[in-house]
Each structure stands twice: as C-alpha cells, then as structure tokens.
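Each protein sequence line maps, in turn, to chains A and B. Residues in the first sequence are numbered consecutively from 69, following my numbering. Residues in the second sequence are numbered consecutively from 5, following my numbering.
The hints are simulated quantities; they were obtained by calculation from the structure and are not laboratory data. Careful, some of the hints might be misleading.
[Claimed, not checked] Only part of the chain A face toward chain B is listed, based on derived beta-carbon distances under 7 Å:
1) S87
2) G90
3) A91
4) A94
5) G98
6) E105
7) G153
8) E156
9) G160
10) F248
11) H261
12) Q264
Ideal placement from N, C-alpha and C gives every residue a C-beta, glycine not left out.
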Amino acid sequence: MNGVALLEAARRDGRLALSAGGAWTAERAGELEGLIESVIVRHQRGAGADIDMARVERLDTFGAWLLERLVRGLAAAGGEARVVGLPEHYRGLVRQAGEANRLGPTPTRASPVAAALATVGRNVGEIGRDMTAMAAMLGALVAATGRAVLRPRTFRFTSMVNQIDRMGWRAVPIVLLITFLIGGILAQQGLFHFRQFGADLYVVDMIGILVLREVAVLMVAIMVAGRSGSSCTAELGAMTMREEIDALRTMGLDPVDVLVLPRVLALAVALPCLTFLGAIAALYGGGLMCWLYGGMSPEVFLGRLREAIDLNDFAVGLIKAPFMGLIIGVIAAVQGLAVEGSAESLGRKTTDSVVKSIFLVILLDGLLAMFFAAIGI
Amino acid sequence: MAASNIVVRVRGLEVGFDGAPVLAGLSLDVMRGEILGVVGASGAGKSVLMRTIIGLVPRRAGSIEVDGIDPAAAPQSTRRAVERRWGVLFQHGALFSSLTVRQNVQFPMRENLRLSRRLLDEIALAKLAMVGLPPDVCDKHPSELSGGMTKRVALARALALDPPIVFLDEPTSGLDPISAGDFDELIRTLQRTLGLTVFMVTHDLDSLHAVCDRIAVLGDGRVITEGSIETMLASEHPWVKSYFRGKRARLGARAA
C-alpha cells in the first residue's frame, strides 16, 4: 500500500534488530502474520532481539496481538525479545494483548472416524428418544382429551375452529387442484397402457379403487404434512424459544391442553373432509381425462364407476384420514416443543417434522392396507 | 481542526413512522474519543436515533455525517467503508444463535479480512479476554449464556474489527447492579485502551455518572439539553430535573 515496510529484520551486535513501521491494523494483519512467522522461523536459537515500534503509525488489537505473538515466538526460540520505542498511548493495548491466549491452544477435535461413529450413535439415540417422545405426547393427548371431556368448558373450542379454518378450509384449493391433476394423470397412464389389451373400461376400476382407497388420502396427508405440520412445528418452536410455553406452564396451564389438543383435533377433523374433497376432485379429473383423451362418454364412465366401487372402498380411505391427521399433529407438536434456543434448531425441527410425518403417514397407510386386506374389505 | 474532532454530526434529523414524527429536527454532535450518553423517556426516540445513524431506519429529512461522509448518500463502496468504522451492541445482544461464541466474534473478521485460521482463533480469544470472558466460553452457543455473558460476547463482536466508533444500545439493561458496574468499567477501560468514541443509549443513572463524558437528553423529538453530569444536575428543565434529581437518582448520585 505505502512505502513503509511493516517489518524489517537486520542483525546488529549478534542481536536481531527488528524495525516495525506502517499500520499494524486489522487490514494488514494477514500480511503481517506471514512476516512474523518467517522471522520466528529464521531466528537463531539463543540470540536476543530488539523490536523497534517507534515508526508504527497505527496499532490496533490485531497488531498488538501479533506483536505479542512475535515476542512469545522469539522467546520460545531461546533468548529474550525487547520491545522498544512503543508510543505511550499504545502501551495499555499491548499489555492487554499480553494477557491473552496464556492457556495454550484449545483442544483439537476428535478424529473424523470417531466423529462419524459418534454421529451414527447420536442418531440412533435420537430415534429412540423420538419414539419415546411420540408415545409420551400421545399419552398426554389422551389425558388432555379426558380432561376436556370431564370439563368441557376448559376445551379451547375457538382455537380448534381457527385451526380448522387455517389447516382445512384454506388448504381446499390446493388440495382440489393437486388431486384433480393426479386423477387425470392416472387416467391418462391407464388409458395409454390398458388400450393395448383392449381393456379401456378397466381404467375406471383402477381409478375408482386407487383414488378412493389410497391416492386421495395419501396425497392429502402428504400435502397437509408439508403445509400445516410444518407451520404448526414452527409456531410451537418459536413459542418455545420465546419462553411462551414456559409462561403457560407457570400459569398452571398445560401446553398440551392449550396448544396441542386443538391443533391435533383440528387436523383429525380436517383430514377426512379434505380427503373426501380430494377423492371427488381426483375422480372428476380421471373422468374428464377418460372423456377427452380416451373418448369415453361421461355416462359410460359413471356407469362403470358405479359397478366398480362400493361403499367399502370409500370407507377404507376415509377411515384412514383421521389417523393420518393424528400422526401429523403429534409429530408436529413433539418437534415443535423440542426446539432449542437457536434459529438453526427451529429450521432443523421443522424439516424433521415434515420428513417424519410423511414417512410415518406412508408407513401407517401400508400397515392399514395389510389390515384391511386381512379382514377382507 | 475543530471540525475534524466531530465524529458523528447530526443536523435537523426528522424521523417518523406513518404519522407522528419521532424525531423532529434533532441536531447532535459526537466528539472524537468521548463517551456520549443519550437519555430520555421511554419512547423518546433514543434507540430510533441510534438506528437512524447506523442506517437501519430511513429518515425523512436532515443530514447525518460520520467522519464527514453521509453514509445514506454515499455510493455502496464508501458506505461499506463507513460501516466498517463502527461496531454496534444491540440491546439484546443479537448474537447469531446458530454460531458458537467464537464464530460470532470471528464472523466480522471472516467477512472483511483474509486471515489464517490460527490468527482468527487467537484474535477471537484475545477479544473475549478483553471483555473479561474465560476461554472456555468460546465453544458455547448463545442460548447457553447468561445475560451478562451475552452482552460481553456481543461487545467483543462489536469490537471485532477494532472500529473507532462504538454504538451501545442500553448496554447495562437487564444486568444486576454489580454486573452493570463491571460492564461500565469495562466500557471505560476499553474506551481508554482502544481510543474509542462511544455513543451510548442508556437508562442507567450509575452508567451516566460513572462513564459518560457528556450527556444528551432527548425529548419532544430533539435534544433538550446536553453537557456534563454537573450541567444535568443544575438544569431546571422539569424532566431533566426529575430524572437526575428525583427519588431514584439520589442513590446513584451518592454512589458515584
């Protein structure tokens, strides 16, 4: 930058004479560190050194610490180092720097293999703790339901209605749109492949059974987990971070009663409604596709649909919905209340909430499919 | 020469949030190397003044110059250079909650300087030692710290780049009187060692007595009166009188 060298080394009477100059400040600290290290490395063992600071124009904490490091480095190589010509107003700063980093380097981190193993161990432990927490939350919800039944006035009905509005009613447009498209896609794929066997009509069977039993409820559950489960976790998490949950507890209120139960019940109510609407939209989309793409008139579609499905198919889909809502709600609450102090933790728990609820929703769907097959409906 | 002794020059500043103005024609100077205490009733606009100077709140009228440069009117690169000349301690610390204490202090250095990892670690520890924290806090997260420690770490972060100007928003609020006294002393020591100019918004009478070279009292959107603590004690303005000579002021005055 300017002509004055930061550090110049010379040899005088068997002693190292270092002459400092320019600005020993944060901007030039990187450059200065290199100079200092090279001086220390080249320093002869046992020789003394004088560091002349008289020509230093500015000195800040960075410069003061690097001076201290130079002195320590030279001293470690044997022989003492003297600082001369330091301007009076920088003495306090250099003295403060002299008190820093006396305890030696901080412990180094463990080896990567051990760290990887530790991560695996922590994650396994995490799974166990998650399952316990979910069981505990389920138990707390049952207890809260019991309390609400015994004393209906304590149940937060308004809150539940508000949550139904947010999680159910406002999700209707997107649910209708997505399930409509899925129904159309299923029909198109079915028509395309079934046509080769001349089995066009069976597309209606496939759409009817698939939509009513599986697709509608799964799509709705996955969308609600992403849409409402995440917001529920973030809400509860932010409340945990800002000690609102603790405030509730100190007022003698159980956060499960006040916050979790209305949300879980709202989800359990909203999901069957959304599933019903989703199923209708998917059938409509399928029917439309059959008409426009497959040339199957709506009368034929409806007639075939009436033969292909019965009330059981409809009931199987709908029965699953409240359980899906329960799972989404429980996981969202568990993750939300487990948020710690940092913003990062809030983000991680929200992700966990969505990923885990989608996983468990699909797992539950599989288990229930096996159950319904076993009892023959 | 006298002009260059003014570090922050505020003239005719007007700030408002849809409706009533918070600051109406406020003028204030901050001199090089002083500790200026800004007091005023709650809602008088102390924090707003500070946030306007550092560019977080837009202004309606008036000028703000830091070392002769108006940051809001200057091109991006000049504004960056001015912003690097100050450190800010927010009221609640505003530490980055997902970073450790060490990373918090290193953050401004990493962004602005090109330093080796070793030097970053050493400087961070040196800064933490300067604000009176032991080295073992450096791997903690902000959520694990007490209120006083949070403020100290936030001060270390504000001082990370050795800025010549430091803005402190209620540095001693939420601390017990002993910690607050320690913190005042820390600010005094650091100001002397590093030659800082300090702009301090405060409610703490003890701080005003102990560390402030000059005090500015805000009211009705402007500076009612400014001067040393003696000037304040002699003032006949009703608010200033009740603030510095009221019931709560007695103890502070006696302790100082």
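Status of the hints after comparison with the structure:
1. S87: A/S87 check fails; min Cβ-Cβ to chain B is 22 Å, beyond 7 Å.
2. G90: Status violated, d = 16 Å.
3. A91: Violated, about 11 Å.
4. A94: holds, 5 Å
5. G98: With a minimum Cβ separation of about 5 Å from chain B (threshold 7 Å), the hint on A/G98 holds.
6. E105: violated, 9 Å
7. G153: For A/G153, the interface hint is violated, since the closest Cβ of chain B sits about 19 Å away, which is over 7 Å.
8. E156: violated, 12 Å
9. G160: holds, 4 Å
10. F248: With a closest approach of 41 Å, the A/F248 hint is violated.
11. H261: violated, 50 Å
12. Q264: violated, 56 Å
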